[in-house]
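Keeping their order, the protein sequence lines are chains A and B. Using numbering that gives the first Met the number 0, you'd call the opening residue of the first sequence number 0 and step up by one each time. Using numbering that gives the first Met the number 0, you'd call the opening residue of the second sequence number 0 and step up by one each time.
Misleading hints may appear alongside valid ones.
[Claimed, not checked] Simulated pairs of lysine to aspartate or glutamate, EDC-like, Cα-Cα distance not exceeding 16 Å: (1) K209(B) / E494(A); (2) K209(B) / D486(A); (3) K209(B) / E515(A); (4) K22(B) / D486(A); (5) K160(B) / D120(B); (6) K20(B) / E515(A); (7) K209(B) / E497(A); (8) K19(B) / E515(A); (9) K220(B) / D196(B); (10) K227(B) / E515(A).
To be clear, the hints were calculated from the coordinates, so they are not data collected in a lab.
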Amino acid sequence: MEKEKAIDVYEMIGFVLRHPWILVSSVVIIMSTVSAQVDYMDLLYEAEGLISFEGASEEETYSKRDLSANEIKANAIMQRTLVSGNVEKIMTKVWPDVTESGDPERYDRLHKRLRGQNGIKMNYNKRSDILEISYRDTDPNICRKVVEATISALEEENKTAVRKKIETGLGFLREQGRYYKKIINDIESKIAAIITVLKEKANSVGKKERLLISEITDGVNTSLLEQGAMLKMAQYEEKTFELNMQLLEAEKKKENLEEMLASGEFPATIKTEQDHRGDTYVEEYSKMIAEKQLGITNLRAQGYLAAHPEIAKLKKVIEALKDLIENRAQELEGESLIRLSDMAGMAGKEAAAEVKVQIRQTELEIDTLKDKIDMLNEQYREQTQAADIAETPEMREISAQAARINELRKELEINNGYYDNIRKQTEEKELKSRMEEAEAGVNIVVIERPRVPTDPLPFQRQQRLLIGLVFSVFIGISIAYVIESLDNSIRSASELRELLRAPVLGSIDRISTLREHAAKSFRRRAIMLFLAGFFIFSRIFGRFLF
Amino acid sequence: MRYLFGRIASFFTPPVYVVKKPKAANGVDGRILAYTDNNSTIAEQYRVLRTNLYSFSPEKPIKTILLTSSQSEEGKTLTSVNLAYTLSLDIGKKVILIDSDLRRPAVHKMLGCDRKPGFADILSGKADIEYFLSKPAFGNLHVIPTGTIVDNPSEMLSSGKIKDLLEILKARFDYIIFDTPPVINVTDASVLGSICDAVFLVVKAGVTPKDMVEESYNMLKRAQAQPKATILTNVIIPIHQYYRASYRYYYRYRYGHGRRV
Chain A
0 MEKEKAIDVY
10 EMIGFVLRHP
20 WILVSSVVII
30 MSTVSAQVDY
40 MDLLYEAEGL
50 ISFEGASEEE
60 TYSKRDLSAN
70 EIKANAIMQR
80 TLVSGNVEKI
90 MTKVWPDVTE
100 SGDPERYDRL
110 HKRLRGQNGI
120 KMNYNKRSDI
130 LEISYRDTDP
140 NICRKVVEAT
150 ISALEEENKT
160 AVRKKIETGL
170 GFLREQGRYY
180 KKIINDIESK
190 IAAIITVLKE
200 KANSVGKKER
210 LLISEITDGV
220 NTSLLEQGAM
230 LKMAQYEEKT
240 FELNMQLLEA
250 EKKKENLEEM
260 LASGEFPATI
270 KTEQDHRGDT
280 YVEEYSKMIA
290 EKQLGITNLR
300 AQGYLAAHPE
310 IAKLKKVIEA
320 LKDLIENRAQ
330 ELEGESLIRL
340 SDMAGMAGKE
350 AAAEVKVQIR
360 QTELEIDTLK
370 DKIDMLNEQY
380 REQTQAADIA
390 ETPEMREISA
400 QAARINELRK
410 ELEINNGYYD
420 NIRKQTEEKE
430 LKSRMEEAEA
440 GVNIVVIERP
450 RVPTDPLPFQ
460 RQQRLLIGLV
470 FSVFIGISIA
480 YVIESLDNSI
490 RSASELRELL
500 RAPVLGSIDR
510 ISTLREHAAK
520 SFRRRAIMLF
530 LAGFFIFSRI
540 FGRFLF
Chain B
0 MRYLFGRIAS
10 FFTPPVYVVK
20 KPKAANGVDG
30 RILAYTDNNS
40 TIAEQYRVLR
50 TNLYSFSPEK
60 PIKTILLTSS
70 QSEEGKTLTS
80 VNLAYTLSLD
90 IGKKVILIDS
100 DLRRPAVHKM
110 LGCDRKPGFA
120 DILSGKADIE
130 YFLSKPAFGN
140 LHVIPTGTIV
150 DNPSEMLSSG
160 KIKDLLEILK
170 ARFDYIIFDT
180 PPVINVTDAS
190 VLGSICDAVF
200 LVVKAGVTPK
210 DMVEESYNML
220 KRAQAQPKAT
230 ILTNVIIPIH
240 QYYRASYRYY
250 YRYRYGHGRR
260 V
């Protein structure tokens, strides 16, 4: 088996040795052109700059890939630096004469080159936390300039990025601050307006009133509040309002009933408030509603706004209770409907009698209400007198204004709280940004500035020659292979035997004559001469071609 | 420098025999190595060929041999002369070589003898065969050259006279070798081949395309002259085979006059 393998190798290269001159001439031709070119080729130089990211946490690692904070930062900065805008900056710095309008082709070419494979190279060395920036070019000065320009672009990019991040955050906070400041100013101006009005009024009222006004304008909590008089006044207002509404309803009802009596028409249903007034459920619900309403009044007297969550809660409960009363009323109505439908069968006279009864009841209601209202008024008069307050409309107005001022003051306090909070946040952020900016400047340190390279990159010529050699050998071998494969003659006895299936009696070696030999050597010499000539030619004319 | 280059180059090229003298003393072609340089490797190869011929068909001995090839310039004349001479060297064997290529005779050139009178004359009755059979023209080898060139060689060869001639020759000789024109060009070989015991196809390595060889083989087969074997000439052994020990031994065993190029 091994012998066969060895033969295979020889057979594989054997075809080349059958046409040695093809390989030789291809090598000579290609290598002479390559060597001529190599003599005149422009060598590349490389300039390098080193940047380190110091100061940031060295122990921090993010994600499973174990990227350090520095690496993430480095990657981000690298990407941002090689953005189109920065490349243009670098180009204007290094090649000021090449502009987009002046020489668009060259500009484009340079731009593509800088961003492409043969352009600015940035490599972040994880182990030493150093960013290497390098650039290769045939002109050593250009190399250095490009790397220098890239470093400054990188520093710029780093600073602007940090600044941008801070600016957006701060801007938002500043907006909010302005918003709250406006509200505060609004409230303050409202308060000031009321105070001005009161101060003006002070000249035209009595002594007691003046005292009250001065207390208000000085911003002190009035004695009225401490005595709970404000509370009672608010309570009084609400109660009288309710009673008045009830009075109005009762009077309306009476009117309707009198109309009905006058017209002589009696509908099948008569709404009787009495029915569900006396119902126990309704009574309970009404009691609860009254309790809640009292609670609301209390809170309002303490200065809470109508939109306060506690007040809203109570209002909701009141609504619910009112709904329940409605439902109950409807239930009862249904019952009364049944009852009244019996009434419909009754004669007109009986119905009229019923209506009259109802009218009488309603009149009684009205009287009761009126009494209640009078009683409340009495109470109020007593209380205000007890509190040593003259019951003048001016006093009432002033106290209303005072209440309003208190409301506004509470609002002001709340808004001031928001505003202070935002102001604190803004200050913090501003401080932080200043620190970060300072840090950003320190974080990037240029360890090594790029120098003008004195020596070109090593082994460029040798590399090119080697490539030429390999290529020429390959070409030679492939041409030899092609020629071999085109030759379909018989070369060995085994081939012949295989072809004709007839035995080969014998194989005789080649007999060559002197003439053939002479022709062969002549051919060989001619080829050698030609190749030598080609070599010399390439040497001489290489200067002009490359 | 040139010497060094030559030495290095010769390492990569296998040995090829170069005939120094194109024509030997008595007009014999230098390439008849069986005669001029009997100790050379090529002469040895002819002897191998002879041995193979002896053992080729033991049950039915071959007397009449026809050598032909697919196209011209394949070395059939050279091979036939060399083979005939090598056969004649064997003491006790009587061999006669007949040049039946009536269009381009070559045997007389190789052996340095006259073309006429020859085979064509015998067939046309103008010459007597005894003239050729009396004494060997070349060493121990009897030769009948072509003779007068005629217009209708194919007709002459297909006449009945050939059969009579063969009868006479078979009685007197052990081996009768015919050298004929190529198969593809003319039908002489096919015609003659049908009356011979064995037809051998001479193939020149590196020159004859495979399809042509196959075509000539088929043509002969159709004419009832199927070649029993082939002879391969102009073989150059590849270097990797040359450098195998056995070959090296084989080639260096006999010192030859030829030099490596």
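Here is how each hint holds up against the structure:
no.	hint	verdict
1	K209(B) / E494(A)	9 Å, holds
2	K209(B) / D486(A)	10 Å, holds
3	K209(B) / E515(A)	25 Å, violated
4	K22(B) / D486(A)	33 Å, violated
5	K160(B) / D120(B)	12 Å, holds
6	K20(B) / E515(A)	13 Å, holds
7	K209(B) / E497(A)	11 Å, holds
8	K19(B) / E515(A)	11 Å, holds
9	K220(B) / D196(B)	14 Å, holds
10	K227(B) / E515(A)	33 Å, violated
Hint check: violations occur at hints 3, 4, 10; the rest are consistent with the structure.
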